[in-house]
Amino acid sequence: MSTSLILLIVAIVGLAGYGIGARRSLAIAGGLSSKLHSRPGYYGSFVAVCAIVPAVFILFVWLVASPAVISSSIRGSFPEEVKAQSEAEQGLAFGMITSIARGMNVLSLEEIDRIGSNPVELRSALGAKGVPLAGDPQPYMIEAAGNLNTMTYASRLAMTAVVVVFSVLGAGLAYRRIAPRFRARNRVEKVILVSLVVASSIAILTTVGIVLSMLTEATRFFTHVPAWEFFFGTVWDPRFAAAGSGGSEGQFGLIPLLLGTLYIGFVAMLFAVPIGLFSAIYMAEYASPHVRSTAKPLLEVLAGIPTIVYGFFALTTVGPFLRDLSSQLNGLVTGDYSNFIQAQSVLTAGFVMGIMLIPYVSSLSDDIITAVPRALRDGSLGLGATRSETIKRVILPAALPGIVGALLMTASRAVGETMIVVLAAGVAARIQLNPFEPMTTVTVKIVNQLTGDLEFTSPQTLVAFALGITLFAITLCLNIYALYIVRKYREQYE
Amino acid sequence: MNMMSEAAVEKALDQKMNDSSYKMIGKDVSVYYGEKRALFDVNLNVRENTVTALIGPSGCGKSTFLRCLNRMNDTIENCRVTGRITLDADDIYDQNIDVVELRARVGMVFQKPNPFPKSIYENISYGPRIHGLARNKADMDQIVEASLQRAGLWTEVKDRLHESGTGLSGGQQQRLCIARAVAVSPEVILMDEPCSALDPIATAKVEELIHELRANYTIVIVTHSMQQAARVSQRTAMFHLGQLVEENDTDKMFTNPDDQRTQDYIMGRFG
Chain Z
2 MSTSLILLIV AIVGLAGYGI GARRSLAIAG GLSSKLHSRP GYYGSFVAVC
52 AIVPAVFILF VWLVASPAVI SSSIRGSFPE EVKAQSEAEQ GLAFGMITSI
102 ARGMNVLSLE EIDRIGSNPV ELRSALGAKG VPLAGDPQPY MIEAAGNLNT
152 MTYASRLAMT AVVVVFSVLG AGLAYRRIAP RFRARNRVEK VILVSLVVAS
202 SIAILTTVGI VLSMLTEATR FFTHVPAWEF FFGTVWDPRF AAAGSGGSEG
252 QFGLIPLLLG TLYIGFVAML FAVPIGLFSA IYMAEYASPH VRSTAKPLLE
302 VLAGIPTIVY GFFALTTVGP FLRDLSSQLN GLVTGDYSNF IQAQSVLTAG
352 FVMGIMLIPY VSSLSDDIIT AVPRALRDGS LGLGATRSET IKRVILPAAL
402 PGIVGALLMT ASRAVGETMI VVLAAGVAAR IQLNPFEPMT TVTVKIVNQL
452 TGDLEFTSPQ TLVAFALGIT LFAITLCLNI YALYIVRKYR EQYE
Chain X
938 MNMMSEAAVE KALDQKMNDS SYKMIGKDVS VYYGEKRALF DVNLNVRENT
988 VTALIGPSGC GKSTFLRCLN RMNDTIENCR VTGRITLDAD DIYDQNIDVV
1038 ELRARVGMVF QKPNPFPKSI YENISYGPRI HGLARNKADM DQIVEASLQR
1088 AGLWTEVKDR LHESGTGLSG GQQQRLCIAR AVAVSPEVIL MDEPCSALDP
1138 IATAKVEELI HELRANYTIV IVTHSMQQAA RVSQRTAMFH LGQLVEENDT
1188 DKMFTNPDDQ RTQDYIMGRF G
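The listed protein sequences correspond, in order, to chains Z and X. Quick note on this note's numbering: the first sequence kicks off at 2 and runs consecutively. Quick note on this note's numbering: the second sequence kicks off at 938 and runs consecutively.
For the record, the hints were derived by calculation from the structure and aren't laboratory data. Any given hint might turn out to be false.
Straight-line distance between alpha carbons at most 30 Å, and here's what the computed DSSO-like set of lysine-lysine pairs gives [as the list claims (entries may be wrong)]:
{"#": "1", "chain 1": "Z", "residue 1": "K393", "chain 2": "X", "residue 2": "K1049"}
{"#": "2", "chain 1": "X", "residue 1": "K1142", "chain 2": "X", "residue 2": "K1189"}
{"#": "3", "chain 1": "X", "residue 1": "K1095", "chain 2": "X", "residue 2": "K1142"}
{"#": "4", "chain 1": "X", "residue 1": "K1055", "chain 2": "Z", "residue 2": "K489"}
{"#": "5", "chain 1": "X", "residue 1": "K1142", "chain 2": "X", "residue 2": "K1049"}
{"#": "6", "chain 1": "X", "residue 1": "K1049", "chain 2": "X", "residue 2": "K973"}
{"#": "7", "chain 1": "Z", "residue 1": "K393", "chain 2": "Z", "residue 2": "K297"}
{"#": "8", "chain 1": "Z", "residue 1": "K393", "chain 2": "Z", "residue 2": "K489"}
{"#": "9", "chain 1": "X", "residue 1": "K1074", "chain 2": "X", "residue 2": "K1095"}
{"#": "10", "chain 1": "X", "residue 1": "K1095", "chain 2": "Z", "residue 2": "K393"}
{"#": "11", "chain 1": "X", "residue 1": "K1142", "chain 2": "X", "residue 2": "K1055"}
{"#": "12", "chain 1": "X", "residue 1": "K1055", "chain 2": "X", "residue 2": "K1095"}
{"#": "13", "chain 1": "Z", "residue 1": "K297", "chain 2": "Z", "residue 2": "K489"}
{"#": "14", "chain 1": "X", "residue 1": "K1074", "chain 2": "X", "residue 2": "K1055"}
{"#": "15", "chain 1": "Z", "residue 1": "K393", "chain 2": "X", "residue 2": "K1074"}
{"#": "16", "chain 1": "Z", "residue 1": "K297", "chain 2": "X", "residue 2": "K973"}
{"#": "17", "chain 1": "Z", "residue 1": "K489", "chain 2": "X", "residue 2": "K1049"}
{"#": "18", "chain 1": "Z", "residue 1": "K393", "chain 2": "X", "residue 2": "K1055"}
{"#": "19", "chain 1": "X", "residue 1": "K1095", "chain 2": "Z", "residue 2": "K489"}
{"#": "20", "chain 1": "X", "residue 1": "K1095", "chain 2": "X", "residue 2": "K1049"}
{"#": "21", "chain 1": "X", "residue 1": "K964", "chain 2": "X", "residue 2": "K1189"}
{"#": "22", "chain 1": "Z", "residue 1": "K191", "chain 2": "Z", "residue 2": "K36"}
Assemble the whole structure, with the sequences as input and the hints as a guide.
Put into structure tokens, the structure is as follows:
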């Protein structure tokens, strides 16, 4: 019986348990739910939980454990000469056995009878059914495959029986515990609490896992390339990772990438902060509710556009436009119509990324400005201050820490942005200060190093993890600092 | 001797009050919040150097009327005011009147103390600075000190003028807000239940302050406390369901009101 069918049966038992439990509790209380400790629904939920949780737990343990048990039993029955071979060859043999076993399930009974234990015929028969084998199977393999199938079948059967029995048993035991003073609500709520804790720890544990994996890979990188060469190197020239060469002849300097990241992020903030802040002030303080209710969602739509779309907007529109504009300007001034802005440049990437960031700045700042208590506004207006004086001298100072926090969060987005930079600023890792020339960022180089046909042991690919962990450290610091500032600000009005 | 002079001052003030013309005149004032009408043709005048108390059950329109007097209702969406309100014969809802200038002349103290999250000094100097009342730092220092003196807060805060205004106690914060309003040298001060968030001791201090401020300012106060109205005001106006029920001398109002509804409200029979 398939796993999803078993799950369906358990769910049906649980659902039935819910109905029966709820009805039973009402019957015990003589139809008056006020005589019960908990609402009837909680008794029903208690029965359902007892029917589902242990059964599903057993199901998963069984699913994980049974292949391992079966495999070790099959390997144990290998002939002595196979056991004497290396671990890898035993693994290959076992892989072939599982293939044969899978193939035998596809073949009809007559076909199996006809083939008997003729390896060559078996191989061709299986090949015809779409199950290719690496070589002619040996007789012991065919026997083992038969054993494997029997064992798997038995295990499935036993699992189905055990899970269903546990489900019914759990429901029955829970059903018998229903009594007017039985505290069903407390138990059900405890189960809910545990599931909430599990859900939130999954997110945290995943993050920890990602960081740990990046750390281990980055450490492997640092065994090839010394840390100081990476962090303080000024040349980025990783060369190609030729298979088998394993050479570390490339140069992995972080500085050009870091500078590019910060420079492009800075240019982006230069565009995003004033526009975003002004639009936030307009939305929060001047716009009529009607305008606000249409304009604010419209602005937030910008935040929903995938960054790759901004990327080709930069590549096909903004970049060429700036290039042509610069050549026209140059021509008007000096008579020489050569462009001084490259199509792919820091300016293009910064400008387009700035547009992408506007909704973040404005939306976050708008929330912070509207959170300033109305009493402060009234107080200032009541003293005869104009609206702009009120905004400049009372509201913005009061909201400033929050706004700074919002800007830091936006900055960490700018640092982590990839697609826009790939398309708008190019991939040339250079150290220079001219905003009209191409530069590149850490994220772009991570993509560069990890796309294509790779060998995951060379420094050329491992460097991506070192870059990743560096980037992660930067954004983490920005976010923590932003949270710290925002929290401090929140206490001000309490 | 001191008692004598105080009594003399009181008498002079009462004399002035009876002689003086009205500081503010409200004629047929109606207020609508969207479709809902909150005030019905209120005719109420405010006398100079007088404390006028506005009383009445919750939702009767007394705060709404108060907020009409310096056009704070302008900040509320959908609010519409009809009728005529004058300040020294100027129609305050006239196109030519600058609302900013009006609010400098008619100051306001709110129900909840709302000091700015700035230092005590900056809280007071805020108004004078935006209106350009001080020529230099010394001038400003003097305005700050005088305002705090007026609000009876000077001795309590003179050593920590540059600490945050939000760090003061509730009663001190409210007196800071009064000092802030006074610093702009308004002619009229509006107070919207200034003591409702304060304990009895702080309330007593604020009431005493209102009493003293009367010598220089015209004060309109909204209050839910009958005792407070009786203690601080000379004139009392009673509102009910958006209408002005009665306006009279406070003494008469609390002993022998003209209107039965006033009597009932003061006796605590409704509201």
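Return the numbers of the hints above that this structure violates; sort them in rising order. Failing hints: none at all.
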